[in-house]
Every structure is written in C-alpha cells, then in structure tokens.
Amino acid sequence: GAVVSQHPSWVICKSGTSVKIECRSLDFQATTMFWYRQFPKQSLMLMATSNEGSKATYEQGVEKDKFLINHASLTLSTLTVTSAHPEDSSFYICSAPAGSRYEQYFGPGTRLTVT
Amino acid sequence: RKEVEQDPGPFNVPEGATVAFNCTYSNSASQSFFWYRQDCRKEPKLLMSVYSSGNEDGRFTAQLNRASQYISLLIRDSKLSDSATYLCVPTYNFNKFYFGSGTKLNVKP
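Going down the list, the sequences are from chains A and B.
To convert, note that position 39 of the first sequence is 39 in my numbering; the numbers rise steadily by one, no gaps.
So the number in my numbering is just where the residue sits in the second sequence, counting from 1, plus 115.
Bear in mind the hints are in silico, worked out from the structure with no lab data behind them.
The C-beta atom is built at its ideal place from N, Cα and C for all residues, glycine as well.
A couple of the hints might just be wrong.
Claimed, not checked - In silico DSSO-like cross-links for lysine-lysine, where the CA-CA straight-line distance does not exceed 30 Å:
{"no.": "1", "chain 1": "B", "residue 1": "Lys117", "chain 2": "A", "residue 2": "Lys55"}
{"no.": "2", "chain 1": "A", "residue 1": "Lys41", "chain 2": "B", "residue 2": "Lys223"}
{"no.": "3", "chain 1": "B", "residue 1": "Lys211", "chain 2": "A", "residue 2": "Lys20"}
{"no.": "4", "chain 1": "B", "residue 1": "Lys157", "chain 2": "A", "residue 2": "Lys64"}
{"no.": "5", "chain 1": "A", "residue 1": "Lys41", "chain 2": "B", "residue 2": "Lys117"}
{"no.": "6", "chain 1": "B", "residue 1": "Lys160", "chain 2": "A", "residue 2": "Lys66"}
{"no.": "7", "chain 1": "B", "residue 1": "Lys219", "chain 2": "B", "residue 2": "Lys157"}
{"no.": "8", "chain 1": "A", "residue 1": "Lys55", "chain 2": "A", "residue 2": "Lys66"}
{"no.": "9", "chain 1": "A", "residue 1": "Lys64", "chain 2": "B", "residue 2": "Lys223"}
{"no.": "10", "chain 1": "A", "residue 1": "Lys41", "chain 2": "B", "residue 2": "Lys157"}
{"no.": "11", "chain 1": "A", "residue 1": "Lys66", "chain 2": "B", "residue 2": "Lys157"}
{"no.": "12", "chain 1": "B", "residue 1": "Lys160", "chain 2": "B", "residue 2": "Lys194"}
{"no.": "13", "chain 1": "B", "residue 1": "Lys211", "chain 2": "A", "residue 2": "Lys66"}
{"no.": "14", "chain 1": "B", "residue 1": "Lys157", "chain 2": "A", "residue 2": "Lys20"}
{"no.": "15", "chain 1": "A", "residue 1": "Lys14", "chain 2": "B", "residue 2": "Lys157"}
Claimed, not checked - Here are some, though not all, of the chain A residues that point toward chain B, as calculated from beta-carbon distances under 8 Å:
{"no.": "16", "residue": "Leu44"}
{"no.": "17", "residue": "Lys64"}
{"no.": "18", "residue": "Glu103"}
I would like the entire structure built from these sequences, with the hints used as guidance.
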C-alpha cells in the first residue's frame, strides 16, 4: 500500500504557542489530503480537506483561522495549530487517497499535548 | 441520523471464534466501501475494500447490501492479533471519510 508519514509523532507545547504538523506522501503524489482529530475513546473526526494549489475546505465547526492548512506540493500538507490551548490536545492524523478505489492511507499520527 | 452506525461493542470472543460486525450507512449515493482496523493509539489501517458481490481475504469476508445500505464483516478463526476497533467507511463526495464509532473486538486466549 501507499505510505504516508507525519512529523512530529508527538509534541508538547505551551498554551498560546503554535505547532506545525507535517504530512507527506512518500511514494505517490496527492493533490488532496485530509486532516482528522481523535480525542481519547472517540471516533476520528474529519477536520478539513487540504487541496494542492488552492485553499483548504473545512468541516462545519472547525475554525479555519485556528487550524491553518497549507498544501505546498503534491507530497506535503501542513497543519498549524495556532494559539494552542489545552483543549486542543489530541491525536491528529492525516490521510491521502491512493489506489484504484481512492482508499485512504493514513499517517501514523501526531500526539499533541498543550500545557 | 448518523452517517455510519456500528455496534460499539466490545465484542469479547475466545480465540478461534467466528465474529460478525454490522454497519449501516445513511447516504444511498455512497460509491465505495471499506473496512479499516485501528489499534489503540494508532492510525487506521485498510483491512479490505468491499465489493458489491462480496469478497473474501483469508479469514475475512465482507458483504455489501446496497438496497438495505448495510455492510458486514465476518472474521473466522479469530486470533489474539485481531483485537482492535473495526471501522466501516462508505464514501462519496470527493472521497471524504466520515467515521462512525467503530466496533471494538477483544479476542481472549
């Protein structure tokens, strides 16, 4: 299957600071990538769709000014959590579609803790 | 109505058991269907695609009933390593994935 990487795998930051998470498709190109968030014992929640060369589209209830997404190339999307607060502490996962049925391949996730 | 509904479980079964998971979806326009598994504190991994005619991959069998908007997954001869949360995903609308709560499986020795 296709390989997606994320960096960093975990990060601890102070309230009010910003954190950038990178998502890379390693062996395929992705014009679209997706960002999810998962709180403990809850399901994955789609946050936004990252589009190469254009603006990201956000799901209802997700603040676009807080979660900045940039799809800089066909293999890289970044999510920046701005002015982080403790309630932003979560598991952030990206994915990219590949294959004949557009199945999605997920990165290993980034565990964010805001103190 | 939720887009995807699954019995959250947990399903606690002994090794070697056969277990079946059901999933219903609300959008009749869904075009592709998948089963993923997610281990604790890990990312989802593709288990199998689901085809209209049903399909099998080793111990795993998936079925799709479009008329009833229902997907199933059967696991035979359960292994300890099958313990995970199983997520069914119907897709439409630019390939977005909207996950349900998943079904948790615990396989006991």
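These are the hints, each one checked on the structure:
1. B:Lys117 / A:Lys55: The hint holds at about 28 Å.
2. A:Lys41 / B:Lys223: holds, 21 Å
3. B:Lys211 / A:Lys20: Status holds; Cα separation ~23 Å.
4. B:Lys157 / A:Lys64: holds, 26 Å
5. A:Lys41 / B:Lys117: holds, 18 Å
6. B:Lys160 / A:Lys66: It holds: about 28 Å lies between the C-alpha atoms, which stays within 30 Å.
7. B:Lys219 / B:Lys157: holds, 14 Å
8. A:Lys55 / A:Lys66: Given that 30 Å is the threshold and the Cα spacing comes to 15 Å, the pair holds.
9. A:Lys64 / B:Lys223: violated, 44 Å
10. A:Lys41 / B:Lys157: The given pair, whose Cα atoms are some 12 Å apart, holds under the 30 Å limit.
11. A:Lys66 / B:Lys157: holds, 25 Å
12. B:Lys160 / B:Lys194: Holds, because 17 Å separates the two Cα atoms, which is no more than 30 Å.
13. B:Lys211 / A:Lys66: holds, 21 Å
14. B:Lys157 / A:Lys20: Cα-Cα ~20 Å, so holds.
15. A:Lys14 / B:Lys157: Satisfied, since the Cα-Cα distance of roughly 24 Å is no more than 30 Å.
16. Leu44: Given a least distance of 4 Å, the restraint on A:Leu44 holds.
17. Lys64: Given a least distance of 16 Å, the restraint on A:Lys64 is violated.
18. Glu103: holds, 5 Å
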